[in-house]
Amino acid sequence: MSELGPAATIFDFPGTHEEIDALYQERGWTDGLPIVPPTEVAVRELLRWTDRDPREVLGVLPPRQGEATVERIAANAVMAGCRPEYLPVVLAGIEALADPLFNLDAIQSTTHPVAPLLVVNGPIAREIGLNAGYNAFGQGFRANVTIGRAVRLVLMNVGGGLPGIGDRATQGSPAKIAHCVAENEAENPWEPLHVEAGLPADVSVATVFGCEGPTTSRTTSARPVSVCS
Amino acid sequence: MGTFEFEALAKLEAKNRGIEELPLALVPHPLGGIHEDEVVRKADLALESVLKAVTRA
Numbered sequence: 001m002s003e004l005g006p007a008a009t010i011f012d013f014p015g016t017h018e019e020i021d022a023l024y025q026e027r028g029w030t031d032g033l034p035i036v037p038p039t040e041v042a043v044r045e046l047l048r049w050t051d052r053d054p055r056e057v058l059g060v061l062p063p064r065q066g067e068a069t070v071e072r073i074a075a076n077a078v079m080a081g082c083r084p085e086y087l088p089v090v091l092a093g094i095e096a097l098a099d100p101l102f103n104l105d106a107i108q109s110t111t112h113p114v115a116p117l118l119v120v121n122g123p124i125a126r127e128i129g130l131n132a133g134y135n136a137f138g139q140g141f142r143a144n145v146t147i148g149r150a151v152r153l154v155l156m157n158v159g160g161g162l163p164g165i166g167d168r169a170t171q172g173s174p175a176k177i178a179h180c181v182a183e184n185e186a187e188n189p190w191e192p193l194h195v196e197a198g199l200p201a202d203v204s205v206a207t208v209f210g211c212e213g214p215t216t217s218r219t220t221s222a223r224p225v226s227v228c229s
Numbered sequence: 001m002g003t004f005e006f007e008a009l010a011k012l013e014a015k016n017r018g019i020e021e022l023p024l025a026l027v028p029h030p031l032g033g034i035h036e037d038e039v040v041r042k043a044d045l046a047l048e049s050v051l052k053a054v055t056r057a
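Residue numbers (my numbering), protein chains in the order written: chain E, 1 to 229; chain U, 1 to 57.
I should point out that these hints are in silico values taken from the structure, not numbers from a laboratory. Treat the hints loosely; a few may be bogus.
To be verified - Computed cross-link-like contacts, EDC-like style, restricted to lysine to aspartate or glutamate with a CA-CA straight-line distance of at most 16 Å:
id, chain 1, residue 1, chain 2, residue 2
1, U, Lys42, U, Glu5
2, U, Lys11, E, Glu212
3, U, Lys52, U, Asp37
4, U, Lys52, U, Glu21
5, U, Lys15, E, Asp105
Extracted from the complex, chain U is given alone in its bound form (with noise of 0.2 Å):
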């Protein structure tokens, strides 16, 4: 879970530590400092690419 500030930052970290498959839920930047009708707002957001990977065969 990230902002998208840092998903090519994630994705070349993901793969220098050999999983470059590792499934990622983004939202847009950032995380902290935000109030928490934003941070509902982002969790929905996430939702979807949450699920999608926890769920993944």
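Chain E on its own, in the form it takes in the complex (with noise of 0.2 Å):
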């Protein structure tokens, strides 16, 4: 998309910061967690990381069918504890997220437990400390988690997907808080999966998946056992 949409309200609030996170608490523009407070001073710091027009619209969320404008987005990535340089991960998420391929209507709205994934392949992997080696879902990682919340205050804050209205998930998963992972690319025995895609190997790439949070499949067999899918 490309046409410009509304610029994000900026309003006076003069309280701490305890205050300002409990303002947002209230009026339901959290995940929960607290937040840091998305001043215009903070989001601009994140605007810097990209070229595109604060305004323009990267796509149309649902069910609120928000306007996720790179500014709103950027705002939500500042509340989630984004380090400036990861914003360009989070608006290549959420433009995945809204095209229509993806179907967002029904991962956003559904009774399952399901939640976008993101994983991200290329040098912006690296160079940000995504993690892809031990405990990649796991906690302990900045950019893991804090990108993984980015794209859910998002989907809630523009999308409204919030619980029990737009997002009908019966019990929910931790992987609706934050899921958001790198591509463990040197010990693939495969191609990574942006080059599978047909992308070269140097372009960093955010893949979308809707799905549940990660199980573990393995066996404890000493023989080989043969598994149908």
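Make one complex out of these two single chains by using the hints.
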């Protein structure tokens, strides 16, 4: 999409960090965790990491049909705790989710415990420290957790995927809080995901999947087994 | 066509898409993973609202 959307609403709130957080909680603008206040200065700092117009609409997100502008995405990325250099990944992820081929309507509203998974390939994954190794889906790495959280906040605050309203997940999943990893390209016996898709290896790519949280499949048998699917 | 589980969401989304008057034919949840006789029973339940929707002037 290339048209311009509305400028983000800016308001004065002369309160402490705690009071700002309480306001955001009260208005339902968070995922339940405390937020980093999206001040003008902080959002502007993120916007330095993209050449796109702050009002450019990257997609219209269901079920609210909210316009995901670059500026709105940046504000949610600040709230999630993203470092400024993470913004290009968040923008790419939201643009991919908004593609009609992804069917975000279903992922947002289904009763099933699914969430978008962002898989990042190429140089940017290494440059911003996205974890592709030990505990990649777990705790401990700011880029993984905050980029995943930024995507979720955009889906809630712009897309209207609010629990019980626009999001009908009966039980939900921890994957709905943050779901972002890099692919372990160095130890992958196959071609990296983006190369399989026909892109050059040195290009940075974000791929989105609609899926459940990770599960482990393994056999403890010492003998070879056949698996049918 | 949908289930009552999604009624509020369907109405919300219709409104957000500018088609607030979109007629809905709703049946009890779920639609997936049910036996054929249950599919027929739910189709019977929806018949009246489907006819009403498609014949509305």
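Results for each hint:
For the suggested pair Lys42 of chain U and Glu5 of chain U, the alpha carbons sit about 14 Å apart, so the restraint of at most 16 Å is met. This hinted pair does not check out: Lys11 of chain U and Glu212 of chain E have alpha carbons roughly 27 Å apart, beyond 16 Å. The straight-line distance between the Cα atoms of Lys52 of chain U and Asp37 of chain U is roughly 24 Å, outside the 16 Å bound, and the hint therefore fails. Proximity of Lys52 of chain U to Glu21 of chain U is assessed by CA-CA distance (about 13 Å); at most 16 Å being required, the pair is judged to hold.
For a cut-off of 16 Å, the pair hint linking Lys15 of chain U to Asp105 of chain E stands: about 15 Å separates their Cα positions.
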